[in-house]
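Protein sequence lines correspond, in order, to chains A and B.
Numbering-wise (the working numbering), the first sequence opens with residue -3 and increments by one.
Numbering-wise (the working numbering), the second sequence opens with residue 7 and increments by one.
Think of the hints as simulated: they come from the structure by calculation, not from any bench.
Mixed in with the good hints, there may be bad ones.
As the list claims (entries may be wrong) - 25 Å max Cα-Cα, derived SDA-like pairs, lysine to any residue:
{"no.": "1", "chain 1": "B", "residue 1": "70", "chain 2": "B", "residue 2": "129"}
{"no.": "2", "chain 1": "A", "residue 1": "31", "chain 2": "B", "residue 2": "323"}
{"no.": "3", "chain 1": "A", "residue 1": "18", "chain 2": "B", "residue 2": "129"}
{"no.": "4", "chain 1": "B", "residue 1": "374", "chain 2": "A", "residue 2": "31"}
{"no.": "5", "chain 1": "B", "residue 1": "76", "chain 2": "A", "residue 2": "18"}
{"no.": "6", "chain 1": "B", "residue 1": "374", "chain 2": "A", "residue 2": "258"}
Here the structure is a predicted model, which means the values were calculated and not measured.
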Amino acid sequence: MSSFLSVRDLKVHFPTVDGIVKATDGLSFDLERGKTLGIVGESGSGKSVSSSAILGLHRRTSAQVSGEIMLDGVDLLKLSDEDMRRRRGKDVAMIFQDPLSAMHPYYTVGNQIGEAYRVHHDVSKKVARARAIEMLDRVGIPQPDRRVDDYPHQFSGGMRQRAMIAMGLINNPSLLIADEPTTALDVTVQAQILDLLQDLQRDFDAAVIIITHDLGVVAEMTDDVLVMYAGRAVEYGSCKEILTHPEMPYTWGLISSIPDVSGDTSAQLIPIPGNPPSLLNPPSGCAFHPRCTHRDKVPGDLCTTVLPELLPGTRTEGHLKRCHLTNPDVVYEREILPEIAPDLVEER
Amino acid sequence: MSSHDPKTSHEQVPAGMAMPNEDVLSGAENAPDDAASYIAPVSRHAATMGDPNAKAILEVKDLKMYFPVKSSGIIRRTIGHVQAVDGVSFQVPAGGSLGLVGESGCGKSTTGRLITRLYEPTAGTINFDGQDISKTSARGLKPLRREIQMIFQDPYTSLNPRHSVGSIIGAPLEIHNILPKKQILPRVQELLEIVGLNPEHYNRYPHEFSGGQRQRIGIARALTLQPKLLVADEPVSALDVSIQAQVINLLQDLQDEFGIAFLFVAHDLAVVRHFCPEVAVMYLGKIVEIADRETLYNRPNHPYTQALLSAVPDVKQAAIGGRRERIRLEGDVPSPINPPSGCRFRTRCPLAQEICARVEPPLLQIGKRHKVACHFAGELGKHPDKPVTAGLLGVDDSGTPDPGASPSVDVGNEPGFADTWFDLERRTMASA
């Protein structure tokens, strides 16, 4: 029995004058209805490019997309443009990071939400408007019958994001992709939006992919996590497992470079040295090796020459990691955890 | 086993980091030498500790900034004011840091800009190093610019794309006539090295650097004149998480080395907790709570601070299943053109009562280093039923003036902390 959404060996390559940019290079994951997957990584790691591929947003002339994206038994990559257009916004919907630039400033919010409905349903403008009001109410906009005629600039940031969510969910999609849905928002508004997304997911029984660089959002929202680096998955598993027993130095780096709002103040803040690599000319072997501080624990020059496979980790079957280290669990417990969370070590 | 000793907080990341200096020095044209591949040494840090006895280098009192709102049409009359900052008082200790947090539109950035005198305040005093600079003329401000510098949020728009890094960082030296032209370049290279950039890259342009490296350039520019106070306005919020930590640690290094005081403006409560031993929370132009780090994060007394803290996702806690209950704040921040009467937070406050609409709560000192502006101040779940401030303000519990009451304590808006404070539990004055 295959999953509701099953992505296999997805590659998105952009040919440029300087060479091929391998923005996504062999990505595989599964997602069930009602579950949430978090895709985490730095800018340029390929998170957004991969999700745009699921929506079929890459122009065939500028991007080479290969692999398999099975949604409910249908391979989205094999569909014609016309068939894909019919599904986009209906079966698969997306919420963008910046709601101000994702909305048209000349049309009212209600008009734009209604349009999303009318594209897929043969109804009058009046019906679409009523449906838009209903959705605005559902996402918690006060006085929806009045606000429906407002323009995007009359909405606050949080309300705009709610309106985007209303637009995304108006056709009752079975897969919702949220690309950095709360990055542009204040924490209190972020909390409201995350709560709303969780409520709606329960009601609509949708599969949700949340793309984010914020591990806090991942921790609160997701069932599974996929950590991406330089176009590839470097760690994949259940959210709890990955956040409590990460086995890949890049994930360690992400966890150690965020300060906490609670816990021991003697915890160290340890950044990842250097910058994310260029995808035009990625490092040989493991793409993370130039920034990795645990390279000396791997014998020989494995890290610089051989790309590690995505293999099961040391603890559970479903936890995959891409690293040559043989005892990452021990390294994490002994070297990383005592520095970043001295108070948690005692609890364990 | 581990080569890391947790006690050495200044440890540089050990060997194994390629330093592409050699390529540059050997002048190999075809060597991979783009600025973005330079890996700067990084340091690691625990949270900064503050010295409570340090003298204040900056003292701000009753600072106000009202921006006029003009009507449309030919005759543009002033029809109102945006009360961006409305009576803010605080101190920044020499060589220490104060964090200023709050949601967008709360006036934290405006406060930062007032202190660097990018705006002239409507009212109030800004006492820097013994001199009131709130009314200083443009000419008089020039020497001040050496002392107070700013780091901006967006490293993409705050560097002139047509100037090389060398001229961006060297410009302050030229403007202030500090060094003869010949000595500027060596100083620029020294600064580049301090902020972890390759000193040979002085003739490159901002677009050749990544976001984190551009922010380092902005920091180098701010350091050029060896300021005593740096106003950092969201210095890391535009950067990727791993790069954020690099820049925060760099700022900590610089503070230790040069004794620079920071006013750290940010919306990220976790970053502020790490960087600032003392934190002020702003809401709609006012400080609602100010305290040392331990108090503010572990025992916040203002319902807004409590809600703000509960809204921050906590990775390490969530991972071990310790999920905290979020306090839901309904709605948005009201307009600062026409703020709510009394307490400005009352429209979204779960505790609000009659008195909150009638009387504005004073910023009352309730602990050694803890002030809070709430009629019902108390730890989460222990808020009192009756307003604690009624007696002090000479009103009854619903906020109407009570002729029988005698205001017992002077609740002014003084910056800094007094030796005595109002004890919430005993409802009397207390001291250490």
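Results of checking the hints against the structure:
1. B/70 - B/129: Between residue 70 of chain B and residue 129 of chain B the Cα gap is close to 5 Å, so the pair holds against 25 Å.
2. A/31 - B/323: holds, 21 Å
3. A/18 - B/129: At roughly 57 Å apart (the allowed maximum being 25 Å), residue 129 of chain B and residue 18 of chain A break the hint.
4. B/374 - A/31: Violated, at about 48 Å.
5. B/76 - A/18: Between residue 76 of chain B and residue 18 of chain A the Cα gap is close to 52 Å, so the pair fails against 25 Å, i.e. violated.
6. B/374 - A/258: Judged against 25 Å, a Cα distance of about 21 Å means the pair holds.
Consistency note: the structure conflicts with the earlier hints numbered 3, 4, 5.
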